[in-house]
Amino acid sequence: MGVDELLIPPLFFPKKNYYIGYSTMFNYYGFTEQLFQTVYVLNTTKRMDKIICGLSYKFIKIMENRMYGIEKINVKDEEVNISSKERTLIDLIYFNKPVGGIISASKIFTEIVNSDRCDIKKLVKYAVCFPNIKTRKRIGLILDDAGVPESILKPLIKSIEKTSISSLNNSRKGTLNKKWRIIVNDSRK
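Residues in the sequence shown are numbered from 1 upward in steps of one, following UniProt numbering.
Simulated from the structure, these hints should not be mistaken for laboratory data. Note that the Cβ used here is the ideal one computed from N, Cα and C, for glycine as well. You may find that some hints are simply not true.
Below, computed lysine to aspartate or glutamate pairings styled on EDC-like, alpha-carbon distance capped at 20 angstroms [as the list claims (entries may be wrong)]:
#1 Lys-58 x Glu-5
#2 Lys-72 x Asp-49
#3 Lys-178 x Glu-150
#4 Lys-76 x Asp-4
#5 Lys-122 x Asp-144
#6 Lys-179 x Asp-144
#7 Lys-134 x Asp-145
#8 Lys-179 x Glu-161
Quick list of the computed label-pair ranges, beta carbon to beta carbon [unchecked claim]:
#9 Pro-149 x Lys-61: 34 to 40 angstroms
#10 Arg-47 x Ile-70: 27 to 33 angstroms
#11 Asn-74 x Ser-164: 25 to 31 angstroms
#12 Asp-49 x Asp-4: 26 to 32 angstroms
#13 Gln-37 x Asn-169: 26 to 32 angstroms
#14 Asn-177 x Ile-51: 17 to 23 angstroms
#15 Gly-100 x Ser-167: 35 to 41 angstroms
#16 Leu-55 x Lys-162: 23 to 29 angstroms
#17 Cys-53 x Glu-33: 38 to 44 angstroms
#18 Ser-164 x Asp-49: 17 to 23 angstroms
#19 Asp-49 x Leu-7: 14 to 20 angstroms
#20 Thr-45 x Asp-116: 33 to 39 angstroms
#21 Asp-49 x Ser-171: 43 to 49 angstroms
#22 Lys-179 x Glu-78: 41 to 47 angstroms
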């Protein structure tokens, strides 16, 4: 990934109400070797697609409650907001199409977790804050399958305990996982 593409978003957001995320960060953190053609800029004010200097930018307007897990990096003496590694993992499960869908995303997620390449407690803390309940349940199930101790998962379990039963692929066939309040079928996730 060329560094210069990270310098464009700060020009649009002098109030710093943005972060570069989604598949742009999947490659940055080495979650995948795949190079993506679009720079995703999540923010609280603008929704637009732009081609800037031959690069595709997708500005996605999000709610204020999704603006967390952001780190500042320095690029050529400019401060740039990017999603943290743990936040990027949550976004990987939520926005999984670029890596081939939820099964591929789950494998990548599990590999990162099992190789100690992220802070599990921070990951759980960020997952608890994520507004999409189905994503929280998926993350909980994946972390559970990866052998993360229940003592660490407790806040995530608590965050979904009063939610309705849901299905991960919109089918009511499968086995009910009572802990995560989801119907799990053969495709797993």
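Report the numbers of all earlier hints that the structure fails to satisfy, in ascending order. Going through the list in order, the structure violates hints 2, 10, 11, 12, 14, 15, 16, 17, 18 and 21 and respects the others.
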